[in-house]
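K.L.:
Those protein sequence lines, which keep their order, are chains A and B. Read in the numbering used here, the first sequence has 458 at position 36, and its numbers run on one by one without any break. Read in the numbering used here, the second sequence has 57 at position 72, and its numbers run on one by one without any break.
The set of hints was computed from the structure by calculation and includes no laboratory data. Built from N, CA and C at the ideal position, the CB exists for glycine as well. Mixed in with the good hints there might be a few duds.
[Unchecked claim] Computed from the model, here is a short list of chain A residues facing chain B with C-beta under 8 Å: (1) GLY464; (2) LEU465; (3) ASP478; (4) MET482; (5) PHE487; (6) PHE496; (7) ALA520; (8) PHE521; (9) LYS522; (10) GLU524; (11) GLY528; (12) PRO529; (13) GLY530.
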Amino acid sequence: DAGVIQSPRHEVTEMGQEVTLRCKPISGHDYLFWYRQTMMRGLELLIYFNNNVPIDDSGMPEDRFSAKMPNASFSTLKIQPSEPRDSAVYFCAVAEDAFKNEQYFGPGTRLTVT
Amino acid sequence: AQSVTQPDIHITVSEGASLELRCNYSYGATPYLFWYVQSPGQGLQLLLKYFSGDTLVQGIKGFEAEFKRSQSSFNLRKPSVHWSDAAEYFCAVRDTNSGKSTFGDGTTLTVKP
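All chains should be built: construct the whole structure from the sequences, respecting the hints.
P.N.:
See below:
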């Protein structure tokens, strides 16, 4: 297995534009997590899914952020409209369960909003 | 609410020297505890984890950690550091009810030749 795949790896966009980050999880890992990493706030959980269903989105910062998991092979995190303070590295991680198992992280998408 | 504190933002050690990275947590019961390592431009990789039982846990790459309930600590150790260990290290606590993880701010390790 190739591990968690995220695309794009780098994204530079202008304020006000829509941004879509993509994640292809590892097959058979039913939990999918979206994290955001910044210098100021560290690593924050935004939302997580179990079997494609959103379980907890309390970490999503604003209505500008939305996440979907239409099937077990794909998830997206969308920001519309984007703002400079959204600049961060966004990680997708997966796990076989939410409790005792390791979370496998993707390489991240570095987003810069100018 | 659970929280994690890594008191040391940056640590520098010489290659071959021993290492200890500190982690203190706040949680109502015994949490699930994890240490992850992040190399530049990469995602996080699990080093080791603790759920219950033996308070000294062994991980990959020669790392170990000791859970001390009385001190609410889960410090990471390595007896002899290699240059390839230079990275950022994150301690995390996972809520045993919700499965949500809270990460510390990380400790950046620099290894001197």
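K.L.:
Each hint needs a verdict: does it hold in this structure or not?
P.N.:
So, going through the hints one by one against the coordinates:
A least Cβ separation of about 5 Å between A/GLY464 and chain B falls short of the 8 Å threshold, and the interface hint therefore holds. Checking A/LEU465 against chain B: minimum C-beta separation of about 4 Å stays under 8 Å; hint holds. For A/ASP478, the interface hint holds, since its Cβ comes within 8 Å of a Cβ in chain B; the closest pair sits about 7 Å apart. With 8 Å as the threshold, the beta carbon of A/MET482 stays out of range of chain B, its nearest partner Cβ sitting at about 13 Å, so the hint is violated.
The interface hint given for A/PHE487 is violated, since its Cβ lies 17 Å from the closest Cβ of chain B, which is over the 8 Å cut-off. With a cut of 8 Å, the hint placing A/PHE496 at the interface with chain B is violated, because the nearest CB-to-CB distance is about 18 Å. Taking 8 Å as the C-beta cut-off, the interface hint given for A/ALA520 holds, the closest approach to chain B being about 3 Å. For A/PHE521, the interface hint holds, the least distance from its beta-carbon to any beta-carbon of chain B being 5 Å, beneath 8 Å.
Using the Cβ-Cβ criterion of 8 Å, the hint placing A/LYS522 at the interface with chain B is satisfied: the shortest such distance is roughly 6 Å. Of the supplied interface hints, the one on A/GLU524 holds, with its beta-carbon coming within about 4 Å of a beta-carbon of chain B, less than 8 Å. The closest approach between the C-beta of A/GLY528 and any C-beta of chain B is roughly 5 Å, which is under the 8 Å cut-off, so the hint is satisfied. Taken as an interface hint, A/PRO529 checks out: its beta carbon lies about 5 Å from the nearest beta carbon of chain B, inside 8 Å.
Given hint, A/GLY530 at the interface with chain B, holds; its Cβ is 6 Å from that chain's nearest Cβ, closer than 8 Å.
This entry does not satisfy hints 4, 5 and 6, going by the numbered hints stated previously.
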